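Enquirer: The hints should help you fit chain H onto chain W, whose structure is shown.
Sequence lines, in order, name chains W and H.
Read in order, the letters of the first sequence are residues 0 to 309 in numbering that gives the first Met the number 0.
Read in order, the letters of the second sequence are residues 0 to 282 in numbering that gives the first Met the number 0.
Calculated from the structure, these hints are not laboratory results.
You may find that some hints are simply not true.
[Said to hold, decoys possible] Residues from chain H that face chain W, not an exhaustive set, calculated with beta carbons under 8 Å: (1) Thr9; (2) Gly11; (3) Ala12; (4) Val20; (5) Leu83; (6) Ser103; (7) Leu105; (8) Ile140; (9) Ile175; (10) Arg198; (11) Ile212; (12) Phe213; (13) Thr217; (14) Ala238; (15) Gly259; (16) Val261.
[Claimed, not checked] Cβ pair distances, simulated, as ranges: (17) W:Ala181 x H:Arg159: 18 to 26 Å; (18) W:Leu27 x H:Arg1: 56 to 64 Å; (19) H:Ile212 x W:Arg246: 36 to 44 Å; (20) H:Leu72 x W:Val30: 38 to 46 Å; (21) W:Arg187 x H:Leu72: 49 to 57 Å; (22) H:Gly128 x W:Ala140: 40 to 48 Å; (23) W:Leu27 x H:Gln239: 35 to 43 Å; (24) H:Leu68 x W:Gly261: 47 to 55 Å; (25) W:Phe55 x H:Gln48: 47 to 55 Å; (26) W:Phe55 x H:Pro158: 47 to 55 Å.
[What the hints assert, rightly or not] Derived EDC-like pairs: lysine to aspartate or glutamate, alpha-carbon spacing no greater than 20 Å straight-line: (27) H:Lys123 x W:Glu263; (28) W:Lys176 x W:Glu263; (29) H:Lys160 x W:Glu9; (30) H:Lys160 x H:Glu172; (31) H:Lys166 x W:Glu9; (32) H:Lys123 x W:Asp270; (33) H:Lys123 x H:Glu224; (34) W:Lys176 x W:Glu195.
Just so we're clear, the structure is a prediction, and the values are computed from it rather than from any experiment.
Heads up, the beta-carbon is just placed ideally off N, CA and C, and yes, glycines get one too.
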Amino acid sequence: MTGSGKNRHEIPAAWSWTQASSWGFTGLAGVALGSMVLLFLWQSLPLWQHAGFGFFTGERWFYRQREFGILSMLYGTVVVSLIALLLAAPVGIGAALFTAEILPTRWRTPVKIVIELLAGIPSVIYGLLGILFLREWVYRALEPFDPLSGDTLITAGLLLAIMVLPTVMTLADDALKSVPAAQRRAARGLGLTRAETTFTVSLPQAWRGMIAALLLALGRALGEGIAVFFVIGRQDNQWPAHLLSLRPLTEAGQTLTSKLVGAEINLAYGDPLHWAAMVGLGLMLMMLVGGITWLGARWMRRKEHHAQGA
Amino acid sequence: MRRALDRAFTFGATTFAALAVGVIVLIVSALVWRGASAISWEFFTEQMQLVGAAGGIFYNILGTLILLLTALLFSLPLATGIALVQSVYLRNPRTRERLWLGLSVLNGIPSILFGLFGLIVFVKFLGWGKSWLTGGLLLGIMMLPTVAVALIERIQAMPRKYVEAAKGLGLREPQIIWSVILPQCSGGLVTGALLGLARAAGETAPIMFTATIFAGATLPQGIKESPVLTLPYHIFVLAQDSFDPAVSAKVWGAALVLLGLVMSLSLAALPARLRMHEEAHHG
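If we strip away everything but chain W, and leave its shape as in the complex, we get:
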């Protein structure tokens, strides 16, 4: 993605219907985005009155007992996204190194497009594959640890890793390609090998873009609900007794998103407090993902300014 544009077309603009409706449409989109945040805040008000800060520190979510704490779901979200990122980062960046540094330029776009097709596969299909294949494989692989089923946080992490892989790959490839080819040629001309060129010329300039790529991928992993719901979301998890123990990874659980796509939202619809709690979950998710995406997008833009200034 290129940025807000050095090549702006200067046109003398007087009042016109075209201009007025353009501004109007832009305003409409802005209002939609803004009203989303305000609506979520407003609809979750009963929750903040009821639970207050306990919403963030509570380990238990029992709506019948009117207890709403999101800590265990936050744990699920963080763990699942981290597993996804740890797996997708090396593969995605490695594949990007291949397309940007090794592959001849005319092959780059076709290969990239094939990998981007992965990004287009609907999450419900990933979920289906997760249920019918991945769950089974993970169950067998984890057998020594005696899991209850193949519905584990690890399964969800693996599935998400596959889902965010194209994002990591294609954005990392863009970052590498934004390093001018002339610099690469110069380095190769000096007798550096391809690997040395990559590590001394390309990577030092592209690392900002790589971080942006990982942040945007993290945003995607945090927000994915349907596929995660399929492989773990049918059972609540608990806040682990030992935070660093790996045992909970082999158990099922909830993430912020899997809770929201589950059936509980229908139950909550008629009960103001329960409803407020669900909307509160949504608000949390929005802040988390919105913040990370904003950071990633800004970082990517900063990188561009950097490249332009240099």
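Expert: Just chain H now, with coordinates in the frame of chain W:
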């Protein structure tokens, strides 16, 4: 030593790329392998029977197409307006930067939150119940950044001399936009729309509470309480609790159809993307 390192680097990067390509081959072949047996002419033309164990997915395909068409009609004018504001009307670079960030954030918002938003606004406040129009509008908002960004990139890649020449001819601003910029950049609009639709076609989370049901809907007759059947929700429901082999075959068939729809939409965008890529490098 240097040679060995270089070879190790090449080998490693190639392996990872092969792994990534291997995953997509694996996924597509798994779907074809499991789903192909369900595909027949009747699968496309009959309605679902016996809770998904028999019949076809006619109304599911129809419903998905209705949602996509609504989303397209809604997002095209909005995306065009946003793209014009960003690349023509906005003069302050700061504000342009903010609009750009806004689009990025909108693009990153988890799809379930659009579902929640639709549930509050359309189902709860407006009392529409489940309606195809809600689904179309939500999917339209979701694809907005994709369409707008594709058009913006195209406008910015357009040679300056076109606009200069139009100005020299004395064309006024609406004329320049309608007869120079938009026709020149319509490829961006088409590419963006196709990619946006490809994403929207597979979305489950925004429509599951607002626009679609599992069984018992045909063509919508009005706006209120007129849900449609859709492909993604069909798969979503059947995948969860079907150990019946008859159902299972149908689910894979539906998944294969959905995958085919999504991929043909993204592949349709391919020629324009390749052309733009070439122009960017040689133009």
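Enquirer: If a hint holds in the structure, say so; if it doesn't, say that too.
Expert: Tested hints:
1. Below 8 Å, beta-carbon pairs count as interface contacts, and Thr9 (chain H) has one with chain W at about 6 Å; its hint therefore holds.
2. About 6 Å separates the beta-carbon of Gly11 (chain H) from the nearest beta-carbon of chain W, less than 8 Å, and the hint is met.
3. Interface restraint check: Ala12 (chain H) against chain W, minimum CB-CB distance 4 Å, threshold 8 Å, status holds.
4. With a least beta-carbon distance of about 6 Å to chain W, the hint placing Val20 (chain H) at the interface is held under the 8 Å criterion.
5. Satisfaction of the interface hint for Leu83 (chain H) is found here, the shortest Cβ-Cβ separation to chain W being roughly 4 Å, below the 8 Å cut-off.
6. Checking Ser103 (chain H) against chain W: minimum C-beta separation of about 4 Å stays under 8 Å; hint holds.
7. The criterion of a C-beta within 8 Å of any C-beta in chain W is met by Leu105 (chain H), whose closest approach is roughly 6 Å, and the hint holds.
8. Of the supplied interface hints, the one on Ile140 (chain H) holds, with its beta-carbon coming within about 6 Å of a beta-carbon of chain W, less than 8 Å.
9. The beta carbon of Ile175 (chain H) is positioned within 8 Å of a beta carbon in chain W (closest approach about 6 Å), and the interface hint is therefore held.
10. For Arg198 (chain H), the shortest C-beta to C-beta distance to chain W is roughly 7 Å, which falls under 8 Å, so the interface hint holds.
11. Interface restraint check: Ile212 (chain H) against chain W, minimum CB-CB distance 12 Å, threshold 8 Å, status violated.
12. Interface hint status for Phe213 (chain H): violated, as the beta-carbon distance to the closest one in chain W is roughly 13 Å, over 8 Å.
13. A cut of 8 Å between beta carbons decides the hint on Thr217 (chain H): the least distance to chain W is about 22 Å, and the hint is violated.
14. A cut of 8 Å between beta carbons decides the hint on Ala238 (chain H): the least distance to chain W is about 5 Å, and the hint holds.
15. Violation of the interface hint for Gly259 (chain H) is found here, the shortest Cβ-Cβ separation to chain W being roughly 11 Å, above the 8 Å cut-off.
16. For Val261 (chain H), the suggested interface contact is upheld, since its CB lies about 5 Å from the closest CB of chain W, less than 8 Å.
17. Checked against the hint of 18 to 26 Å, the pair Ala181 (chain W) and Arg159 (chain H) passes, with Cβ atoms roughly 24 Å apart.
18. At about 59 Å, the CB distance of Leu27 (chain W) to Arg1 (chain H) agrees with the hint of 56 to 64 Å.
19. Taken as a hint, the range 36 to 44 Å holds for the pair Ile212 (chain H) and Arg246 (chain W), whose Cβ atoms sit roughly 40 Å apart.
20. For the hinted restraint 38 to 46 Å between Leu72 (chain H) and Val30 (chain W), the CB-CB distance of approximately 19 Å leaves it violated.
21. Take Arg187 (chain W) and Leu72 (chain H): their Cβ atoms lie about 51 Å apart, and the range 49 to 57 Å holds.
22. Checked against the hint of 40 to 48 Å, the pair Gly128 (chain H) and Ala140 (chain W) passes, with Cβ atoms roughly 45 Å apart.
23. Between Leu27 (chain W) and Gln239 (chain H) the CB atoms are about 37 Å apart, so this pair conforms to the stated range of 35 to 43 Å.
24. Under the hint 47 to 55 Å, the C-beta atoms of Leu68 (chain H) and Gly261 (chain W), about 30 Å apart, miss the expected range.
25. A hinted range of 47 to 55 Å for the beta carbons of Phe55 (chain W) and Gln48 (chain H) is consistent with their spacing of about 48 Å.
26. Phe55 (chain W) and Pro158 (chain H) have their C-beta atoms about 53 Å apart, which keeps the hinted 47 to 55 Å range intact.
27. Taken as a hint, the Lys123 (chain H) and Glu263 (chain W) pair is honoured in the structure, with Cα atoms around 17 Å apart against an allowance of 20 Å.
28. Distance restraint check for Lys176 (chain W) and Glu263 (chain W): the Cα-Cα separation of roughly 46 Å exceeds the 20 Å cut-off, and the hinted pair is therefore not satisfied.
29. Using a Cα cut-off of 20 Å, the hinted pair Lys160 (chain H) and Glu9 (chain W) holds, with the two alpha carbons roughly 11 Å apart.
30. For the given pair, Lys160 (chain H) sits about 15 Å from Glu172 (chain H) by alpha-carbon distance, which is consistent with the 20 Å threshold.
31. Note on Lys166 (chain H) and Glu9 (chain W): the hinted pairing holds, with a Cα-Cα distance of about 10 Å set against a maximum of 20 Å.
32. About 13 Å separates the Cα atoms of Lys123 (chain H) and Asp270 (chain W), which keeps this hinted pair within 20 Å; it holds.
33. Distance check on the hinted pair: Lys123 (chain H) and Glu224 (chain H) sit about 12 Å apart at the alpha-carbon level, within 20 Å; holds.
34. Restraint check for Lys176 (chain W) and Glu195 (chain W): satisfied, since their Cα atoms lie roughly 16 Å apart, inside the 20 Å limit.
Hints 11, 12, 13, 15, 20, 24, 28 from the earlier list are contradicted by this structure; the remaining hints agree with it.
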